[in-house]
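Colleague: If you want the building blocks of each chain, they are given just below.
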Amino acid sequence: DAGVIQSPRHEVTEMGQEVTLRCKPISGHDYLFWYRQTMMRGLELLIYFNNNVPIDDSGMPEDRFSAKMPNASFSTLKIQPSEPRDSAVYFCASSPSGMNTEAFFGQGTRLTVV
Amino acid sequence: AQSVTQLDSHVSVSEGTPVLLRCNYSSSYSPSLFWYVQHPNKGLQLLLKYTSAATLVKGINGFEAEFKKSETSFHLTKPSAHMSDAAEYFCAVNRDDKIIFGKGTRLHILP
Chain A
45 DAGVIQSPRH EVTEMGQEVT LRCKPISGHD YLFWYRQTMM RGLELLIYFN
95 NNVPIDDSGM PEDRFSAKMP NASFSTLKIQ PSEPRDSAVY FCASSPSGMN
145 TEAFFGQGTR LTVV
Chain C
9 AQSVTQLDSH VSVSEGTPVL LRCNYSSSYS PSLFWYVQHP NKGLQLLLKY
59 TSAATLVKGI NGFEAEFKKS ETSFHLTKPS AHMSDAAEYF CAVNRDDKII
109 FGKGTRLHIL P
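So the sequences go chain by chain: A and C.
So my numbering is basically just the index in the first sequence, starting at one, shifted up by 44.
So my numbering is basically just the index in the second sequence, starting at one, shifted up by 8.
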């Protein structure tokens, strides 16, 4: 397996534009996580899915953020409209099951909003 | 609620000397604990994990960690640092199927 695949690796956009980040989890993994990493806040869990169903989105900062998982092999994180303070590295991770299992991370998407 | 605290934001050691990165956890029961490493502009890679099988856990690249319930600690160690160990290290806990991370410790290796 190629691991967790995220696209794009880098995204530069203007304030107010819509941004869509994409993730392909490891095949067979039941859990998918979206994290945001910044210098100020470290690694924050935004939302996670179990079997394509959103379980906890309490980390999503605002209504401008939304995430979907239409099937077991694809998830998106959308920001609309984007703001400069959304600039961060966004990681997707997947896990085979719940308790006692680790998460496997993608390479991340570095988002810059100007 | 379970959480982890990394006590040092930066640690500097000389090449060839021991490494100690500290992590304390809070949990009402025996947690699953992890150490991850992140090299610049890379994703997070699992170094090792504790899942109550053995208190001393060996990981990749010569790292190991010891779970001490009496001290609620899970410190990461390596006997001899290498320049390639320079990176950021994260302690994490599995809480209700979510992986929650500490703030990270940046490890600097001095030549």
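Check each hint, because a few of them may be wrong.
Derived lysine to any residue pairs resembling SDA-like cross-links, with alpha carbons at most 25 Å apart [as the list claims (entries may be wrong)]:
#	chain 1	residue 1	chain 2	residue 2
1	C	Lys111	A	Ala116
2	C	Lys111	A	Val97
3	C	Lys111	A	Glu106
4	A	Lys68	A	Ala132
5	A	Lys68	C	Lys66
6	C	Lys57	A	Arg85
7	C	Lys111	A	Asn95
8	C	Lys66	A	Pro140
Cβ-Cβ distance ranges computed for the label pairs, FRET-style [what the hints assert, rightly or not]:
#	chain 1	residue 1	chain 2	residue 2	range
9	C	Leu54	A	Pro52	21 to 27 Å
10	A	Ser131	C	Gln53	20 to 26 Å
11	C	Thr63	A	Glu62	48 to 54 Å
12	C	Ser38	A	Ser110	33 to 39 Å
13	A	Arg129	C	Gln53	39 to 45 Å
Residues from chain A that face chain C, not an exhaustive set, calculated with beta carbons under 7 Å [to be verified]:
#	residue
14	Thr82
15	Met84
16	Gly86
17	Leu90
18	Phe109
19	Ser110
20	Glu146
21	Ala147
22	Gly150
23	Gly152
What the hints contain is simulated information worked out from the structure, not anything from laboratory work.
Note that this is a predicted model, so its numbers are computed, not measured.
We put the CB at the ideal spot given by N, CA and C, even for glycine.
Colleague: Against this structure, judge whether each hint is valid.
Modeller: Taking the hints in turn, this is what the structure says about them:
no.: 1; hint: Lys111/C - Ala116/A; verdict: 30 Å, violated
no.: 2; hint: Lys111/C - Val97/A; verdict: 28 Å, violated
no.: 3; hint: Lys111/C - Glu106/A; verdict: 22 Å, holds
no.: 4; hint: Lys68/A - Ala132/A; verdict: 20 Å, holds
no.: 5; hint: Lys68/A - Lys66/C; verdict: 30 Å, violated
no.: 6; hint: Lys57/C - Arg85/A; verdict: 24 Å, holds
no.: 7; hint: Lys111/C - Asn95/A; verdict: 29 Å, violated
no.: 8; hint: Lys66/C - Pro140/A; verdict: 22 Å, holds
no.: 9; hint: Leu54/C - Pro52/A: 21 to 27 Å; verdict: 25 Å, holds
no.: 10; hint: Ser131/A - Gln53/C: 20 to 26 Å; verdict: 24 Å, holds
no.: 11; hint: Thr63/C - Glu62/A: 48 to 54 Å; verdict: 49 Å, holds
no.: 12; hint: Ser38/C - Ser110/A: 33 to 39 Å; verdict: 36 Å, holds
no.: 13; hint: Arg129/A - Gln53/C: 39 to 45 Å; verdict: 28 Å, violated
no.: 14; hint: Thr82; verdict: 11 Å, violated
no.: 15; hint: Met84; verdict: 10 Å, violated
no.: 16; hint: Gly86; verdict: 5 Å, holds
no.: 17; hint: Leu90; verdict: 11 Å, violated
no.: 18; hint: Phe109; verdict: 17 Å, violated
no.: 19; hint: Ser110; verdict: 19 Å, violated
no.: 20; hint: Glu146; verdict: 5 Å, holds
no.: 21; hint: Ala147; verdict: 5 Å, holds
no.: 22; hint: Gly150; verdict: 6 Å, holds
no.: 23; hint: Gly152; verdict: 6 Å, holds
Consistency with the previously given hints fails for numbers 1, 2, 5, 7, 13, 14, 15, 17, 18 and 19, ordered from lowest to highest.
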